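Novice: Below, each chain spelled out in residue letters.
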Amino acid sequence: AQSVTQLGSHVSVSEGALVLLRCNYSSSVPPYLFWYVQYPNQGLQLLLKYTSAATLVKGINGFEAEFKKSETSFHLTKPSAHMSDAAEYFCAVSDDYGGATNKLIFGTGTLLAVQP
Amino acid sequence: NAGVMQNPRHLVRRRGQEARLRCSPMKGHSHVYWYRQLPEEGLKFMVYLQKENIIDESGMPKERFSAEFPKEGPSILRIQQVVRGDSAAYFCASSGRKETQYFGPGTRLLVL
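So the protein lines, in turn, are chains A and B.
Going by my numbering, the first residue of the first sequence is number 1, and it counts up by one from there.
Going by my numbering, the first residue of the second sequence is number 1001, and it counts up by one from there.
Among the hints, a few may not be true.
What the hints assert, rightly or not - Where chain B lies over chain A, by a calculated footprint (3+ residues, C-beta under 8 angstroms):
hint : segment
1    : 35-45
2    : 104-114
Said to hold, decoys possible - Subject to a maximum C-alpha distance of 20 angstroms in a straight line, what follows is the list of computed SDA-like cross-link-like pairs (lysine to any residue):
hint : chain 1 : residue 1 : chain 2 : residue 2
3    : B       : Lys-1044  : B       : Arg-1078
4    : A       : Lys-49    : B       : Arg-1015
5    : B       : Lys-1044  : A       : Leu-7
6    : B       : Lys-1062  : B       : Arg-1015
In short, the hints are calculated from the structure, not lab data.
Computed from a predicted model, the values in this text were never measured in an experiment.
Glycine included, every Cβ here is placed at the ideal spot set by N, Cα and C.
Next comes chain A alone, as it looks inside the complex (with noise of 0.2 angstroms):
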């Protein structure tokens, strides 16, 4: 079975600090990962997501992630954190993308504060 493990629930950083948000996931096969925000009383909104191409992939806002499959990784991260970078993120996982069912598996969250 699918699980994604985000490891830190609520992680603090100062603006213009490194952002660092970790994930883990299990899988049996191949996994397709996504990382997705959430403001406050919002939907979310896809900020990248991992397919079997490239291993570093680039999203919206100036995230990226590295899919690791030697430490089943996909680890968020940001050079430098905004203000406006506060949010709930999410790391999910799907076994089937674009097949018969494509559910996504979502980890319980990581609560980011930026402070000032």
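Please arrange chain B on chain A, whose structure you already have, making use of the hints.
Specialist: Structure of chain B alone, referenced to chain A:
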């Protein structure tokens, strides 16, 4: 191009009442997914539908919950005889050709 629309955005029901949540997918999308987000938790898959068909309902509670996506009109998630444990945010997502899912703003259900 309008995104995924959900209404109502907030819904308050008393125990035992029915809740109807609506989702209009993005234009051109024929695949709809419903997810539930309980307080302090991530999103959990409930059901996946295409027009007039339920494809995967493995995440739906066995009782009181049903979903439909008719040929015309929005997808409906229906919860009968609501209980306090049904209080959550319910998100709809849509996709074209079963690829990237785009999420709506959610319906926040509060059961008193």
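Novice: Does each hint hold? Answer for all of them.
Specialist: Results of checking the hints against the structure:
no., hint, result
1, 35-45, "holds (count 6)"
2, 104-114, "holds (count 6)"
3, B:Lys-1044 with B:Arg-1078, "holds, 17 angstroms"
4, A:Lys-49 with B:Arg-1015, "violated, 40 angstroms"
5, B:Lys-1044 with A:Leu-7, "holds, 18 angstroms"
6, B:Lys-1062 with B:Arg-1015, "holds, 18 angstroms"
Of the numbered hints given earlier, the model fails hint 4 alone.
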